[in-house]
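Chemist: Here is what each chain is made of, one letter per residue.
2 protein chains.
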Amino acid sequence: MLQKISLARETGKLTAFWSQRTVAEGNGNLFKVAKGTGSTEWHTHHDQDETFLLLEGQLTVQLRDGDVELTPGDLLVIPRGTEHCPKVDGEARFLLVGPEITSNAAGGKPAWSYEA
Amino acid sequence: MLQKISLARETGKLTAFWSQRTVAEGNGNLFKVAKGTGSTEWHTHHDQDETFLLLEGQLTVQLRDGDVELTPGDLLVIPRGTEHCPKVDGEARFLLVGPEITSNAAGGKPAWSYEA
Numbered sequence: 001m002l003q004k005i006s007l008a009r010e011t012g013k014l015t016a017f018w019s020q021r022t023v024a025e026g027n028g029n030l031f032k033v034a035k036g037t038g039s040t041e042w043h044t045h046h047d048q049d050e051t052f053l054l055l056e057g058q059l060t061v062q063l064r065d066g067d068v069e070l071t072p073g074d075l076l077v078i079p080r081g082t083e084h085c086p087k088v089d090g091e092a093r094f095l096l097v098g099p100e101i102t103s104n105a106a107g108g109k110p111a112w113s114y115e116a
Numbered sequence: 001m002l003q004k005i006s007l008a009r010e011t012g013k014l015t016a017f018w019s020q021r022t023v024a025e026g027n028g029n030l031f032k033v034a035k036g037t038g039s040t041e042w043h044t045h046h047d048q049d050e051t052f053l054l055l056e057g058q059l060t061v062q063l064r065d066g067d068v069e070l071t072p073g074d075l076l077v078i079p080r081g082t083e084h085c086p087k088v089d090g091e092a093r094f095l096l097v098g099p100e101i102t103s104n105a106a107g108g109k110p111a112w113s114y115e116a
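Those sequence lines, one after another, are chains X and P. Once you know that position 85 of the first sequence is 85 in the working numbering, the rest is easy, because the numbers rise by one and skip nothing. Once you know that position 40 of the second sequence is 40 in the working numbering, the rest is easy, because the numbers rise by one and skip nothing.
Only chain X is shown next, with the shape it has when bound in the complex:
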């Protein structure tokens, strides 16, 4: 039988900020959860669009032409080639949707984001 996925439960399992945890797959896309605090580095994904859906908290996506402020239930597609830098006051939890290939510039994460 198919199993539903509670996004709140999955984000609750996250141990590191800015690390993505894959929770489901459909049509070759991965559904990943992550949590953020502070900000990442400015970066660009040249090979894929990045879709954020904010679940909890507040997330500011800084763009070179201005900031986009997300509140829970807001979705933002960052087209490939668009430089961006997510920033969080406090803590934010979000869903990411993207292809199964690893981005050629998945980075931007601060050094302290990586899990052991």
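The set of hints was computed from the structure by calculation and includes no laboratory data. Accuracy of the hints is not assured; some may be wrong.
Given that identical chains are not distinguished, each listed pair holds provided it fits within a single copy or across any two copies.
In silico lysine to aspartate or glutamate, EDC-like type, Cα no more than 20 Å apart, as pairs [said to hold, decoys possible]:
1) Lys-32 to Asp-49
2) Lys-4 to Glu-83
3) Lys-4 to Asp-49
4) Lys-13 to Glu-83
5) Lys-87 to Glu-41
6) Lys-4 to Glu-69
7) Lys-4 to Asp-67
8) Lys-4 to Asp-65
9) Lys-4 to Asp-89
10) Lys-87 to Asp-65
11) Lys-32 to Asp-67
12) Lys-13 to Asp-47
Using the hints, position chain P against chain X.
Modeler: Quick look at chain P alone, frame taken from chain X:
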């Protein structure tokens, strides 16, 4: 500048039940919102997986081997070829993620679901 999409605002624009409204695109996938009440017909999508993310209300996905009860923040991937029948007590609002191609069996909707 990129525009965020408020899923609550987009579901608020829906005028018919079980009709999908495309709100964003990324990596060849469409992000669509819909609202449901009552139930659809039993149906199967043979050519694509269907991903539900429940936003508001309660949604029961009936499967031939049992029911999956979704509450807001729950995600369910229905693999292609899996017969299913969504059912809603009251009203539910949800996000669907799928490829840009139209399903070969998009149906299952009750006759009264269609917009003029």
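Chemist: Could you run down the list of hints and mark each one as holding or not?
Modeler: So, going through the hints one by one against the coordinates:
Taking CA atoms no more than 20 Å apart as the test, Lys-32 paired with Asp-49 passes in both settings, with 14 Å inside one copy and 17 Å between copies. In this assembly of identical chains, Lys-4 and Glu-83 lie within 20 Å of each other by CA distance solely across copies; the values are 16 Å between and 34 Å within a copy. For the homomeric pair Lys-4 and Asp-49, the shortest alpha-carbon distance between copies (14 Å) is at most 20 Å, but the shortest distance inside one copy (26 Å) is not. Neither within a single protomer nor between protomers do Lys-13 and Glu-83 lie at most 20 Å apart by alpha-carbon distance, with minima of 29 Å and 31 Å respectively.
When the C-alpha separation of Lys-87 and Glu-41 is checked against a cutoff of 20 Å, the pair qualifies only within one copy, where the shortest distance is 9 Å, while the shortest distance between copies is 44 Å. Taking CA atoms no more than 20 Å apart as the test, Lys-4 paired with Glu-69 passes between copies only; the shortest distance there is 8 Å, against 29 Å inside one copy. Only between protomers do Lys-4 and Asp-67 lie at most 20 Å apart by alpha-carbon distance; the minimum there is 11 Å, versus 34 Å within a single protomer. In this assembly of identical chains, the alpha carbons of Lys-4 and Asp-65 lie at most 20 Å apart only when taken from different copies (14 Å versus 39 Å within one copy).
Taking identical chains as interchangeable, the C-alpha atoms of Lys-4 and Asp-89 lie at most 20 Å apart only when they sit on different chains, with a minimum of 18 Å there against 30 Å within one chain. In the homo-oligomer, the alpha carbons of Lys-87 and Asp-65 lie at most 20 Å apart inside one protomer (15 Å), although the nearest pairing across protomers, at 44 Å, exceeds that limit. Neither within a single protomer nor between protomers do Lys-32 and Asp-67 lie at most 20 Å apart by alpha-carbon distance, with minima of 23 Å and 25 Å respectively. Taking the shortest Cα distances, Lys-13 and Asp-47 never come within 20 Å of each other, neither inside one copy (29 Å) nor across copies (33 Å).
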